[in-house]
Amino acid sequence: MAEQQTDETEDTCQLVYEQGGVFAHKNGNARNEDVLIAGKMVVCKRDMKVFVEWQPEVQTDCSTSEPNTELDWTQVNAVGYKSHKSDSDGPVGDGELRMLHKNKKLHISIDVRDLKSYKLSKKKEGWEHITFIQRDGTTHPPLHFHSGGVNEFVEVLRQYVSILKSRKDRRLFLVSEHEMTALQKSFHELQLFGEQSTDLVNKIYTDPYTATMSGLAKVRNFLWDNLVVPETRPRSEVADILLTDPDNILVPGLMFDRDENEPEFELICCTELPPRVEVSRSEPFTAVEWEDQLDAQGRIDDWDHIKNRVFKGGISHSLRGEVWKLLLNYYRVDSTSKERTETRKQKLDDYFRMKLQWKSISADQESHFSVFRDYKSLIEKDTDRTDRTHPFYQGPDNANIAMLYDVLMTYCMYNFDLGYVQGMSDLLAPILVILENEVDAFWCFVGFMEKVKHNFDLDQQGMKTQLKNLSTLLHFSDNQLFTYLESNDSGNLYFCFRWVLIIFKREFIFADIMRLWEVLWTDLPCENFHLLICLAILDTQKHIIIENQFGFTEILKHINDLSLSIDLELTLKKAEAIFLQLKECPDTPKKVREVIGLEGGNNDSDAATPEEDQNELIHDQCHLVTTTEHRI
Numbered sequence: 001m002a003e004q005q006t007d008e009t010e011d012t013c014q015l016v017y018e019q020g021g022v023f024a025h026k027n028g029n030a031r032n033e034d035v036l037i038a039g040k041m042v043v044c045k046r047d048m049k050v051f052v053e054w055q056p057e058v059q060t061d062c063s064t065s066e067p068n069t070e071l072d073w074t075q076v077n078a079v080g081y082k083s084h085k086s087d088s089d090g091p092v093g094d095g096e097l098r099m100l101h102k103n104k105k106l107h108i109s110i111d112v113r114d115l116k117s118y119k120l121s122k123k124k125e126g127w128e129h130i131t132f133i134q135r136d137g138t139t140h141p142p143l144h145f146h147s148g149g150v151n152e153f154v155e156v157l158r159q160y161v162s163i164l165k166s167r168k169d170r171r172l173f174l175v176s177e178h179e180m181t182a183l184q185k186s187f188h189e190l191q192l193f194g195e196q197s198t199d200l201v202n203k204i205y206t207d208p209y210t211a212t213m214s215g216l217a218k219v220r221n222f223l224w225d226n227l228v229v230p231e232t233r234p235r236s237e238v239a240d241i242l243l244t245d246p247d248n249i250l251v252p253g254l255m256f257d258r259d260e261n262e263p264e265f266e267l268i269c270c271t272e273l274p275p276r277v278e279v280s281r282s283e284p285f286t287a288v289e290w291e292d293q294l295d296a297q298g299r300i301d302d303w304d305h306i307k308n309r310v311f312k313g314g315i316s317h318s319l320r321g322e323v324w325k326l327l328l329n330y331y332r333v334d335s336t337s338k339e340r341t342e343t344r345k346q347k348l349d350d351y352f353r354m355k356l357q358w359k360s361i362s363a364d365q366e367s368h369f370s371v372f373r374d375y376k377s378l379i380e381k382d383t384d385r386t387d388r389t390h391p392f393y394q395g396p397d398n399a400n401i402a403m404l405y406d407v408l409m410t411y412c413m414y415n416f417d418l419g420y421v422q423g424m425s426d427l428l429a430p431i432l433v434i435l436e437n438e439v440d441a442f443w444c445f446v447g448f449m450e451k452v453k454h455n456f457d458l459d460q461q462g463m464k465t466q467l468k469n470l471s472t473l474l475h476f477s478d479n480q481l482f483t484y485l486e487s488n489d490s491g492n493l494y495f496c497f498r499w500v501l502i503i504f505k506r507e508f509i510f511a512d513i514m515r516l517w518e519v520l521w522t523d524l525p526c527e528n529f530h531l532l533i534c535l536a537i538l539d540t541q542k543h544i545i546i547e548n549q550f551g552f553t554e555i556l557k558h559i560n561d562l563s564l565s566i567d568l569e570l571t572l573k574k575a576e577a578i579f580l581q582l583k584e585c586p587d588t589p590k591k592v593r594e595v596i597g598l599e600g601g602n603n604d605s606d607a608a609t610p611e612e613d614q615n616e617l618i619h620d621q622c623h624l625v626t627t628t629e630h631r632i
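Quick note: full-length UniProt numbering has the sequence shown finishing at residue 632, numbered continuously throughout.
Quick caveat, the hints were computed from the structure, so don't treat them as lab data. Keep in mind the model is a prediction, meaning the values are calculated, not measured. Even glycine gets a Cβ: it sits at the ideal position worked out from N, Cα and C. Keep in mind that the hints are not guaranteed to be accurate.
[To be verified] The following label-pair restraints were derived from C-beta to C-beta distances:
(1) Glu125 <-> Ser360: 52 to 60 Å
(2) Ser147 <-> Asp334: 58 to 66 Å
(3) Gln357 <-> Val279: 44 to 52 Å
(4) Lys165 <-> Leu562: 17 to 25 Å
(5) Gly551 <-> Asn415: 39 to 47 Å
(6) Asp169 <-> Lys468: 24 to 32 Å
(7) Thr553 <-> Glu594: 31 to 39 Å
(8) Glu278 <-> Glu599: 25 to 33 Å
(9) Gly551 <-> Gln581: 24 to 32 Å
(10) Leu294 <-> Gly148: 50 to 58 Å
(11) Val279 <-> Asp169: 17 to 25 Å
Take the sequences, apply the hints, and build the full model.
Written out as structure tokens, the structure is:
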């Protein structure tokens with residue numbers, strides 16, 4: 001499209017380029033549908049600056065849209081951090097878990113100087129879509145060029161910035177100002193540092209000393225190219241981004257002070273992994289297959305077969321109510337139909353007995369029962385804002401919200417030591433949607449909490465252990481990414497906190513989170529498969545993080561902006577492939593094998609010989625030396 005000039009408007013805007021038929025892609029509205037919003041792509045000059053903008057054809061105010069319309073772009077993570085796009089919406093209090101509506105029109109506007117890179121992909125339907133990534137880590141929703149014109153848009157963009165294609169990800173394009181072109185081109189053509197040359201140029205531009213020292217260190221190990229000792233960020237500074245209030249953590253977070261007894265280095269040796277195999281997925285487990293698995297008494301013939309089917313394909317939606325009860329230990333797997341009926345009668349009595357306990361607490365009694373009051377107040381606030389855009393929970397005076405509240409209050413009576421912690425309502429909400437029954441939902445929620453209860457430990461030990469295990473896996477499986485995160489104050493993987501805490505509830509659309517959870521509930525191929533899901537997501541984002549040179553804040557923002565845009569099936573395939581890589585690697589360390597369930601435990605045949613113990617000690621000592629050198 002030829003360059004267009006228009007008279008300057010009141011905001012001194014000069015139109016350079018305009019392309020219609022460009023749709024913004026939003027994932028996961030209340031009906032679990034993908035939403036495409038029609039608009040146009042614009043490049044304009046305003047106040048001596050150049051802006052890339054997407055403007056909707058009809059500007060719709062999200063705050064006044066009909067109740068079941070989709071959410072605005074803005075997401076809030078589990079620990080109170082808010083994306084830059086909602087800065088004017090006011091503070092987010094008490095680390096709450098929720099999604100925001102805002103009284104703003106859907107609009108994307110980026111100063112080209114703030115544009116760090118973009119991803120260009122092609123849909124199977126034939127059209128191309130572009131995803132903009134800013135220097136501060138903000139990742140915007142994909143923009144789909146249904147009528148073509150991507151190449152023309154990029155040519156206009158080249159008039160104002162330099163664009164360099166990533167050597168590691170063919171879909172990623174790095175953006176920089178024109179002044180850096182000559183330096184980038186020289187290093188790129190000389191290939192002095194192989195595939196890392198682009199990264200090195202940017203480092204020289206921003207930090208000549210560190211980059212030069214890194215280049216000299218290439219002869220030893222180029223992967224460890226950041227020789228700056230990571231400084232520990234003050235707890236108060238991290239709290240601004242992660243915790244809302246460092247001294248009042250309502251959502252169980254991580255204390256940022258290092259335990260004096262905690263080892264300084266993780267003794268994990270790096271090796272070359274086997275090639276990653278191609279993994280396939282299957283169709284969901286169906287009602288017909290379910291009936292074939294039941295004998296005359298209603299007993300399951302082959303539970304292992306069912307679990308394998310669920311792991312590989314999930315469960316048909318209409319069958320979830322039955323199979324979830326088995327996956328979450330509501331019923332014994334070897335029970336008959338008659339025994340399951342008797343079990344439900346007993347659970348029905350037990351539930352309403354516990355519910356009556358808290359229902360019968362008088363106002364006077366409650367005034368002297370501070371712990372109960374705190375639980376009650378927190379549950380009231382959380383249930384009022386949990387998944388309110390989903391049809392099941394929409395509208396004022398919704399009976400399902402009342403049911404959500406009653407189940408959580410009854411759980412406090414069932415497990416008063418743990419009580420209620422923010423985030424639990426997110427774990428219950430999908431279960432209640434599927435079972436549509438207060439008693440059934442309660443006991444399935446009890447089963448789910450048994451699996452994840454340590455996420456909510458008061459001393460945060462459960463979360464610390466899981467993030468440490470995740471760090472161990474990442475260190476061995478992808479040392480390049482691990483080293484990069486370490487050198488950018490992110491080696492603690494706190495940006496994965498929300499993923500683990502509420503089992504990806506905020507990362508996938510509602511339909512996908514049900515599929516993911518039932519896969520995880522099979523405990524296949526290991527109980528820590530959710531950590532492999534984390535690795536799979538990080539692997540997908542690796543080159544974006546590294547080649548954009550994201551630091552601590554940018555990484556956190558970028559990860560936060562992935563919410564509701566992650567491809568579940570691709571992630572499941574990649575996570576399983578990583579597991580198979582680690583399983584087949586002959587040099588996988590004992591600790592890694594323990595995390596992914598490959599160690600024999602008490603099996604004497606798996607015990608290491610004295611010679612193997614000595615070799616492992618020598619191996620670890622060698623790695624400790626090289627890691628220490630790297631940190632210095």
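Violated constraints from the hint list, given by number and in increasing order: none
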